[in-house]
Amino acid sequence: MKSFYTLLILALFTLSFSGCHLFESTQVPTTEIEAASAWSQKDLAPTFPICEDIEVASERQECFESVISNSISEYIIQNPWESKVFFEEQINVKLLIDKEGNFTLKEVLRSDAIDAAIPNLVEQLEQAVSQMPQAKPAVKTNVGTYVSTELTLPIMIFAE
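All letters in the sequence shown, in the order written, are residues 87 to 246 by my numbering.
Each hint should be verified, as a subset may be incorrect.
[Said to hold, decoys possible] Okay, derived cross-link-like pairs now, EDC-like style, lysine to aspartate or glutamate, Cα gap no bigger than 20 angstroms in a straight line: (1) Lys222 / Glu246; (2) Lys170 / Glu246; (3) Lys226 / Glu236.
[What the hints assert, rightly or not] Computed spacing ranges between beta-carbons, pair by pair: (4) Ser89 / Pro115: 45 to 51 angstroms; (5) Gln147 / Gln220: 15 to 21 angstroms; (6) Val171 / Glu145: 37 to 43 angstroms.
The hints are simulated quantities; they were obtained by calculation from the structure and are not laboratory data. The structure displayed is predicted, hence computed values, not measured ones. Think of the CB as a built atom: it goes at the ideal place given N, C-alpha and C, for glycine as much as any other residue.
Take these sequences, add in the hints, and give me the full structure.
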């Protein structure tokens, strides 16, 4: 009986050392993570259902961009901005498209002159973006998951 316990302890001791590799932590280098998460040609950009059937990637991108610009333009036409000062200037609107395909206004890059001329510009753009149709989000194909994306939309403003 004593030899049985000795043999059992020896077996457990051997097993515990042979299984140590299972407890080692594996760290993936940051450069490898960045390389795997970088955008590639195989990844799918966000799109709208109306643009999905377009075969040529550049034409599908044009369709996507035109839906966005038409949506914002329609909002501006229905809710015109007014200014008492003449100016001609470009603003850059940064949009976030989340993993569900919803748009959010992230930032509006503009001059102080535009802020003074159109004080509610940001609020108006937030309203315009909130009324945009839902998109199909971007897909990282190497991991098969939806991802958030950002885009910058230049808007030229002419005030008379």
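Status of the hints after comparison with the structure:
1. For a cut-off of 20 angstroms, the pair hint linking Lys222 to Glu246 is broken: about 38 angstroms separates their Cα positions.
2. Simply put, Lys170 and Glu246 have alpha-carbon atoms about 8 angstroms apart, close enough for the 20 angstroms limit, and the pair holds.
3. Note on Lys226 and Glu236: the hinted pairing holds, with a Cα-Cα distance of about 14 angstroms set against a maximum of 20 angstroms.
4. Against the hinted window of 45 to 51 angstroms, the Cβ-Cβ separation of Ser89 and Pro115 comes to about 50 angstroms, which satisfies the hint.
5. Look at Gln147 against Gln220: about 18 angstroms separates their beta carbons, and that is inside 15 to 21 angstroms.
6. In this structure the supplied range 37 to 43 angstroms holds for Val171 paired with Glu145, their Cβ-Cβ distance being about 39 angstroms.
The earlier numbered hint that this structure contradicts is number 1, and it is the only one.
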